[in-house]
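Chain by chain, the residues run as shown.
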Amino acid sequence: MAEVTLLVEETAGARHAVVTLRHQGKFNAMSRGMWIQLREVFLHLQQQALAADPLRCVVIQGAEGHFCAGGDISEYAGFRFETGSLRHFHENEVWGGLSAMLACDAPVIAAIEGNCMGAGVEIASCCDIRLATQDSRYGAPIGKLGFPMAPREAALVAQVLGPTLARSMLLEAGLYDAGAMLQRGFLTRLHADAATLKDDIQQTVARVMRLSPAAARMHKQMMRTWMQASDAMLDAQCASAYDYADSPEHREGITAFIDKRPARF
Amino acid sequence: MAEVTLLVEETAGARHAVVTLRHQGKFNAMSRGMWIQLREVFLHLQQQALAADPLRCVVIQGAEGHFCAGGDISEYAGFRFETGSLRHFHENEVWGGLSAMLACDAPVIAAIEGNCMGAGVEIASCCDIRLATQDSRYGAPIGKLGFPMAPREAALVAQVLGPTLARSMLLEAGLYDAGAMLQRGFLTRLHADAATLKDDIQQTVARVMRLSPAAARMHKQMMRTWMQASDAMLDAQCASAYDYADSPEHREGITAFIDKRPARF
Amino acid sequence: MAEVTLLVEETAGARHAVVTLRHQGKFNAMSRGMWIQLREVFLHLQQQALAADPLRCVVIQGAEGHFCAGGDISEYAGFRFETGSLRHFHENEVWGGLSAMLACDAPVIAAIEGNCMGAGVEIASCCDIRLATQDSRYGAPIGKLGFPMAPREAALVAQVLGPTLARSMLLEAGLYDAGAMLQRGFLTRLHADAATLKDDIQQTVARVMRLSPAAARMHKQMMRTWMQASDAMLDAQCASAYDYADSPEHREGITAFIDKRPARF
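Protein chains in written order, with this note's numbering: chain A, 1 to 265; chain B, 266 to 530; chain C, 531 to 795.
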């Protein structure tokens, strides 16, 4: 079962939403279908955030003790080795989901447990508040798969991670525990276990719902504009960003992963 | 008594200035008059910083154990509910004061005790060195008042706070103690109490005054240009940034504060 | 003996390079000749990084327990007091070396012990991974010499240090130990002593060499573009950035250093 589900709850007359990533047996790795669902869910939430009695807050979490372990690599051999389909995947499916999250005018809270890798770091980077448990783990060891993070995705995470942490994750496949991610400023708050994380999520949702939704909307619109200042540059980068589709390292990295053997680059 | 005072002192033949924010009974909350005085004081200081025997250093502090608790909300009902007067307040009065601070070619040191909220964070973000005591507290819970921080002010603080801390302060009304603000990189140094803070201020002033004022001036001019790279974007944002003046949430937030009751958004 | 040496090693069929800064008796301070050598070494390494069997990783270190203590000030009186030769030094010699480092498509690891000051911070800021020992020390007390860091160099280090740390180093001549530099996010990892640093360097090199070099190359090209987004602004700044060549503070700062007396600004 691979799906992105949406639950809208009402507390004291105000609504908030809970989005759950679920991919059984794969630590909620994002399949192509899940990226498409993520976009649909957040387009719907944004309509609600602009409604007369607006949605006030969104929580995004993973099912069964993990946030998201990355992309679903078992699908990769089917579309990654041709430039056009690779571009479609990154620019439409993945960026479709991430950009819909970024476009949401209600504050988005990430509740992070367990694995938060690759696509998980990307999804968390689209959130406004990042709350996590001590057992959560972070990284983007994409170099092992023989290809780079796509430009829009890498610009997004580098902006939130900062230059030193982003370079460690991308260039030496650095893995970081929750304490380090708090210390480096990626996490907003850290909790000993799932129970105290849940308490903080509830309190944060309640606190956000007491604040002005119009003020939140205007703040998010402002900050979104600042992040998108470099869109022209990213458009230029993306023109040739997927030409590696049929390259030997890309094929070797993904094939080796599927074959459960070390890649030879 | 609400005022911004200026004291120029001479040590070993070199001059430095001490600017004090004072608003009795309101933890030095900035009144409109104080913003105008802040601008006048820093325009004067910049003249001194460019003089033949230049002013070398500026310290800004609050009176009576607090830095600045925000804006003087008691004035808000008088001008905030009309777009033109609201724009004038943010673009001319507040930004007039903050931009005069940013334009100062002498290094500016913030001495922060007690409350540093809203306008206090904005003023501290215009400083080059931020020294504080353990008891200082930080936040910008402006969502409680039903309106957002103005674009130029929010861009300023987000640049210094970084994206994660800025979103927490603006979107969940997050409050932070001095230890967290040191750990997140906002504070330059932290002190146990007012006495050791005062010692560090004196030593820092003396150290800055031994350095080349021309080098400081060129450094500040360079760094100012980098911060202002996004001015065109901010101009565009500000064109419609104050249309919320007469909105229900804005009226409710400020009216509730004045009535000493929780706002209902 | 002042020189930049290059050693290329092969491990398990993949090559990495070790670049060593060496200036005996001066903690490896960069002479003009060393900047030129640094450029030549990195132009050569970039050719290797683009070759069919590419170089995978570069380590840069200092000789004899120090990284780099700054520039070789003993040379300064010979060329710094005339705008044209000063511009040539910063824009061609220094930036020639630093920009060649930034242009390297293989991941670059800094191994930092002892003094890392001024030019040392600049060189370390061109690296992707910064590993250091507890005894390393950091700063850029250039204001003592009566001149500012050149615009391209200052923009580089400010981007990596962040605004608060950069302002402390440049405007109050702040010095920082290794623990503070880890806490502020400049260092990737910190080690108790040279032996454990060496172990980490070896492990990091081995880890980088197992990753896809094409992925690393594309990541570095992306991140380089983001850093260079402000080139037009820097070009404009550099047009007048060296007019201070013959200024009294510049002459006094350098002359005082050479005379081993405090500068009087």
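FYI, nobody ran anything at the bench for these hints, they're computed from the structure.
Each hint should be verified, as a subset may be incorrect.
[As the list claims (entries may be wrong)] Which residues of chain C face chain B? A few of them, derived with a C-beta cut under 10 Å, are:
id : residue
1  : A544
2  : F609
3  : L675
4  : A685
5  : Q689
6  : Q713
Ideal Cβ placement from N, Cα and C applies to all residues, glycine included.
Hints that the structure is at odds with (numbers, increasing): 1 and 2
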